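Sequences listed follow chains C and U, in order.
Every letter in the first sequence is one number past the one before it in the numbering used here, and letter 305, counting from 1, is 305.
Every letter in the second sequence is one number past the one before it in the numbering used here, and letter 260, counting from 1, is 260.
Hints were generated in silico from the structure; no laboratory data involved.
These numbers were taken from a predicted model, which means no experiment stands behind them.
Heads up, some of the hints might be wrong.
No copy is singled out in the list; a pair is fine if it fits within one copy or between any two copies.
[What the hints assert, rightly or not] Here are the simulated DSS-like cross-link-like pairs (lysine-lysine), alpha carbons at most 30 Å apart as the crow flies: (1) K31 to K355; (2) K477 to K185; (3) K185 to K132; (4) K31 to K463; (5) K552 to K132; (6) K552 to K535.
There are 2 protein chains.
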Amino acid sequence: MPQLRIALAQVNATVGDLDGNSALVVEWTRKAAEAGAHLVVFPEMVLTSYPVEDLAIRTSFARASRAALEDLAVALDEAGLGSVAAFVGFLDHDSAGPRNAASVLHGGRVVATQYKHHLPNYGVFDERRYFKPGDELDVVRINGVEVGMVICEDLWQDGGPISALGAAGVDVVVSPNASPYERKKDDVRLPLVARRAAEAGAPLAYCNLIGGQDELVFDGDSLVVGRDGVLLARAPQFVEHLMVMDLSVPGGSYESGAFGDFTVERITISEAGPAYEPLPAPRIFEPLSDEAEVWYALVTGLRDYVHKNGFRSVVFGLSGGIDSAVVAALAVDALGPDAVHAVSLPSSYSSEHSKSDAFEMAQRTGIHYSVEPIADMVSAFVSQLSLTGLAEENIQARCRGMALMALSNQHGHLVLATGNKSELSVGYSTIYGDAVGGFAPIKDVFKTLVWDLARWRNDEAFKRGETPPIPENSITKPPSAELRPGQVDTDSLPDYALLDDLLDDYVEGDRGYDDLIAAGFAPELVDRVLRMVDKAEYKRRQYPPGTKISNKAFGRDRRLPITNAWREG
Amino acid sequence: MPQLRIALAQVNATVGDLDGNSALVVEWTRKAAEAGAHLVVFPEMVLTSYPVEDLAIRTSFARASRAALEDLAVALDEAGLGSVAAFVGFLDHDSAGPRNAASVLHGGRVVATQYKHHLPNYGVFDERRYFKPGDELDVVRINGVEVGMVICEDLWQDGGPISALGAAGVDVVVSPNASPYERKKDDVRLPLVARRAAEAGAPLAYCNLIGGQDELVFDGDSLVVGRDGVLLARAPQFVEHLMVMDLSVPGGSYESGAFGDFTVERITISEAGPAYEPLPAPRIFEPLSDEAEVWYALVTGLRDYVHKNGFRSVVFGLSGGIDSAVVAALAVDALGPDAVHAVSLPSSYSSEHSKSDAFEMAQRTGIHYSVEPIADMVSAFVSQLSLTGLAEENIQARCRGMALMALSNQHGHLVLATGNKSELSVGYSTIYGDAVGGFAPIKDVFKTLVWDLARWRNDEAFKRGETPPIPENSITKPPSAELRPGQVDTDSLPDYALLDDLLDDYVEGDRGYDDLIAAGFAPELVDRVLRMVDKAEYKRRQYPPGTKISNKAFGRDRRLPITNAWREG
C-alpha cells in the first residue's frame with residue numbers, strides 16, 4: 001500500500017506579520033523535513049494569521065500576502081526544503097475579490113491553490129464581509145497518494161467540499177484551521193472530524209492554530225483520524241507542536257472533473273517511492289480538564305496580547321479580592337513574576353484584610369508590590385466638587401484607575417483590568433475606574449468560575465509541591481468593592497451562584513423572559529437582572545478587550561445596540 | 001387612467017420600542033387617511049426600527065415583533081383606518097430563520113408579506129449574520145393599481161426584485177428604506193431611484209427613516225420619481241414628514257407566476273373607484289448644502305442619542321478651543337441651552353484666552369457655565385506618584401475627565417467627549433481623559449471640517465439676525481491641548497489641512513503606501529502618520545460612540561485588529 005508521512009505544524013502566527021510568519025513556515029517545514037515528512041500542513045491563513053478583519057479588503061495587504069506566498073515558495077526551495085509539500089494558508093485576491101486561500105508549495109513553486117467555500121458569518125466571524133467563496137478543489141498526488149484539502153468551516157458544514165472529495169475519491173484529506181477556543185469545543189471537534197473522515201472515505205488530518213489574537217485564543221488540539229473514525233494522533237493544547245505520522249492507504253487512481261457543485265483538479269507532485277519502515281504510532285495527548293483548559297486559554301491570551309503588542313510588563317490594582325488575585329496568578333504564569341507589578345490602592349474604606357491579603361499574594365508569587373493610598377487624590381475631588389453617594393464611590397474607583405494609568409505612562413507597563421464577566425454583565429463596575437486597562441484577562445469568566453479557577457490553580461501548586469499562589473482568605477471571604485463602610489457585593493447583587501446561572505441563560509443562551517421563568521428563575525429576579533444587563537451595554541462598549549472562553553463573549557460575539565428600548569417580559 | 005393617492009411617512013422610530021413604533025404607525029396612518037391616501041408607506045423595519053443588530057436572532061424579540069404586527073393590523077382597523085393599505089416593515093421569523101420583512105396591513109389583517117432579498121454585509125451592515133433572503137414578491141392591487149415593493153438594498157443592487165417586477169408588470173413600485181446618512185449620499189440616491197423606475201417601467205416611491213440610532217443617523221430624503229425618471233416629489237432631510245401625492249397610471253392586468261428567480265403573487269385589495277380631482281403637485285424640497293447636511297446630521301444624532309437613552313442634559317469641558325465650541329453649539333441646537341452644562345477646567349498651563357473664549361461662548365449661547373480649576377487634583381497625583389513628562393500631561397486630561405464624570409454622577413448629565421476625527425485617527429487624545437463620555441458628537445468630523453462647520457453655523461446666525469454662537473477667536477487661534485507651557489498641536493502634528501487629506505485617503509479611502517506616495521504625499525509624512533493611526537487602534541476601541549457622517553467612520557465601519565504587525569510601506 002502507498003505510504004505517506006504527514007506533518008501537522010501547530011504554530012503561533014501573528015496577524016499581519018508576513019515576514020515573521022514566513023520565517024515560521026520555513027522553520028517548521030525544516031523540522032518536518034528532518035522528520036522525513038512528505039508534506040507539512042500549516043493552520044488556516046498562517047501567512048497572515050487569523051483573523052485579519054478589514055485588512056482583508058485592503059488591496060495593498062492582499063497583494064503583499066500573495067507576493068509573500070510566492071517568495072516563501074522560493075525561500076523554502078533555497079533552504080533545501082523544496083521536496084516537502086507545504087500546505088500554506090494565506091490571503092489571496094483576484095477579480096472576484098479577496099479569498100481565504102491555501103496553497104501547496106513545492107519545488108520553489110506554488111503548485112496548487114484552493115479557496116474556502118463555506119464562509120462563517122456568525123458569532124465572532126464576518127467572513128462574508130470579506131471573502132468570495134471558492135468551488136474548485138485541488139487534489140495533489142504526493143508519493144503516489146492523493147491528498148485533498150478542506151479549509152476550516154468547510155469541515156464544519158454538512159455537504160460541500162468533503163462530500164465532493166468523497167465522490168471524487170481521495171486517499172487522504174488535510175484540513176488547515178483557525179478555530180478559536182471555546183469551553184468544551186474540543187469535545188465536539190473529534191466526533192466531527194471522525195464523521196467527515198467517514199464521508200470522505202479517507203483519513204483526515206486536522207491542523208489548528210495556537211496563540212492569542214486580541215479577544216480570541218486558539219488552542220491547537222490538532223488531530224488525525226482514520227477513515228474508520230478511529231483517533232490516530234492528537235496534539236497538546238495551547239503549545240506549538242509538530243505532529244508527524246505515517247499513513248498507509250489503499251491508493252488508487254481517480255479522475256478530475258465536476259463533483260456536485262465542485263470542480264476537482266488533479267496535480268501530481270510525485271509517484272510512490274520505495275516502501276520504508278513506518279514511524280511508531282504517534283502520541284495521543286489527553287485533552288485538558290475544563291479548569292486547566294480555561295486557565296491555559298487565559299494565560300495564552302494574556303501572554304500573546306502583551307508580547308505581540310510590544311509590552312514587557314503589566315500593572316494592576318491588587319485589592320486582596322479574588323478577581324485581582326486570579327489576574328495576578330495568570331500574569332505570573334503568562335509573563336513571570338518579574339514582569340508583574342501589583343499596586344495596593346487603599347482608601348479609608350479598605351479593610352485590613354484587603355491590604356494583608358494583597359501583601360500575602362505578592363509574597364507567595366514574588367511579584368513587584370507597592371502601596372499607594374488614594375485618600376489625598378479622592379479628597380481633592382470630593383471637596384472641590386462636593387461629591388456624595390455614588391459620585392463619591394465612583395471617584396475612589398477612578399482615582400485608582402488614574403493612578404494605574406499614570407504608573408503605566410511613567411514606567412511603560414500595560415494596565416490590566418481585573419473585572420469578571422458577572423460584573424461586566426450587570427454593570428457592577430466603574431467606567432474609567434476599575435474598568436481601565438489595555439487588556440482584561442478574566443472579562444469572559446463568570447465569578448463562580450473565577451473561584452473554581454483559583455482553587456484549581458492552588459491545587460495544581462500543591463500537586464507540584466509549589467506554594468499555592470492565591471491566599472486562602474482571598475478565595476473564602478465575601479466579595480466586596482469596599483467603596484462604602486461594610487459594603488459587600490450581595491448588598492446590590494444576588495448570590496453569585498444564582499446570578500451566574502441566570503446570566504448564562506440570558507447572555508450566553510440568549511433566552512427570553514418566558515424561557516427564563518420556565519427555567520425556574522423568580523420573575524422579580526429576572527426583571528431586575530435583565531434590566532441591569534441591558535442598561536450596562538454602554539459600559540461594555542468601552543471596556544478593554546479580553547480573552548474569549550465562552551460560546552458568547554462580550555464583543556464581536558454579542559452585538560447589541562446601546563440605544564435599545566426592548567425589555568424582556 | 002387609474003388613480004392612486006400615495007403617502008410616504010418619513011418617521012423617527014426607536015430600536016426595540018414595539019409599542020411606541022406601533023403608536024407612531026397609527027398616528028401617521030391617520031394623517032395619511034385624513035389626506036385621503038389609498039396607501040401609506042413606512043420605512044424599512046419601522047416596527048422594530050433599524051438596525052436591531054443581535055436582537056434579530058433573539059427568538060423572543062422576533063416573536064414579539066410578529067405579534068406586534070398582527071396587533072397593529074387590528075389596532076389600525078379599530079381606529080377606523082383599516083381602509084388605508086399600510087406598508088409596514090418588521091422583524092419576522094420562520095423555519096428558515098429571521099427575516100427582514102415588510103407587510104401590507106388592510107382591513108384589520110396582514111394581507112401581504114415580503115422578505116428582503118439582497119442582504120448588505122459590508123460597511124456598517126451585517127445582514128447576512130441575521131437574515132435569510134426572500135424570493136417571493138407580493139404585488140398588491142389597490143384602487144385598481146398594481147403596487148409592487150422592494151426593500152432598501154433590493155433597490156441598490158442590480159438585477160433582483162426590480163427586474164422581476166419590471167418583467168411581471170406593475171403600475172407603481174414602493175420602497176421602504178433605512179439608509180444611513182453619509183456625506184453626498186443624497187447625490188447618488190436620486191439617479192439610482194430614477195434608473196430603477198425605468199427598469200420597473202413604473203413610478204417609484206422611496207421612503208427613508210429619519211433619526212439617530214447609536215452611531216447611525218438617517219436623513220429621510222424620501223422621494224418619488226416617474227417611470228420616465230423625472231423627480232416628482234422630494235421630502236426635507238432630518239425631519240419627520242408626510243408626503244402625499246396622486247399618481248395616474250396606465251394600469252393593466254398582469255399574471256402571477258415566476259419571473260427570473262422570483263415568484264410574483266397578486267393580491268387584490270380594491271378595484272378602481274370613481275375618478276377624482278388630484279391634489280396639486282407636491283413640493284420638491286432642495287437637498288441641504290454639504291455643511292448644513294452635516295450639521296443637521298450631527299444635531300439629530302446627538303439629540304436622539306440623548307433623548308432615546310433617557311437623558312435630559314449634557315455636560316462637557318469647554319476649553320475655549322474650536323472642538324468644544326462646536327460641540328457646545330451642536331448641543332444647543334439639539335437640546336436647547338438650558339440642557340447644556342459647560343465646565344471650564346483650567347490648569348496652570350491654561351491660557352487667559354482659553355478661559356475668556358469659553359466664557360464668551362457661554363455668554364453667546366446662554367448655556368450653564370462653571371469653572372473648576374484642576375490644580376489641586378493634579379498635584380495630588382503628581383506629588384504622590386512623582387509624575388513627569390507624558391504622565392503629568394495625561395493626568396491633567398484625566399483629572400478633567402474624572403471631574404466631568406463626577407458631575408455626571410452627581411447631577412445626571414450625559415458627558416460628551418469633544419474629540420474630532422483627526423485626533424482620534426492619530427491617537428492625539430488621552431484615553432480616560434478628554435476621551436471620556438457617553439457620546440462623542442464630532443467623532444467622525446475631521447478638524448478642517450470642524451472649522452468649516454463653525455464658520456457655516458456663525459454665518460447662518462448672521463443670516464437669521466441672531467448672535468453667532470462661536471467666538472471668532474475660538475475659530476482663528478492656533479489649536480493647542482495646553483498640557484505644557486506654549487504647546488500647540490503643530491508641535492507634534494502636521495498642519496491639519498495636510499493631515500486631513502492624508503487621513504481621508506488612508507482611513508476612509510483605505511489606500512496603501514504606494515498609492516499614497518503616488519498621490520503626492522511625502523514618504524516620511526506617510527510613514528509617520530500611518531504609524532500613528534495604526535498604533536492608536538486600542539484607543540479608538542474604547543472611545544465613546546459618535547455620529548457617522550463619512551463613508552468610513554471608526555466603529556462598525558472599520559474593523560481592524562488591535563494586535564496587528566502589518567505596516568504599510
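Status of each hint after checking the structure:
1. K31 to K355: Cα proximity of K31 and K355: none, with 50 Å in one copy and 67 Å across.
2. K477 to K185: So K477 and K185 fail the 30 Å test inside a copy (33 Å) and across (59 Å) alike.
3. K185 to K132: both (27 Å within a copy, 27 Å between copies)
4. K31 to K463: Classified as neither: same-chain Cα gap 34 Å, cross-chain 76 Å, threshold 30 Å.
5. K552 to K132: Intra 26 Å, inter 22 Å, cutoff 30 Å: intra and inter.
6. K552 to K535: both (18 Å within a copy, 28 Å between copies)
Consistency note: the structure conflicts with the earlier hints numbered 1, 2 and 4.
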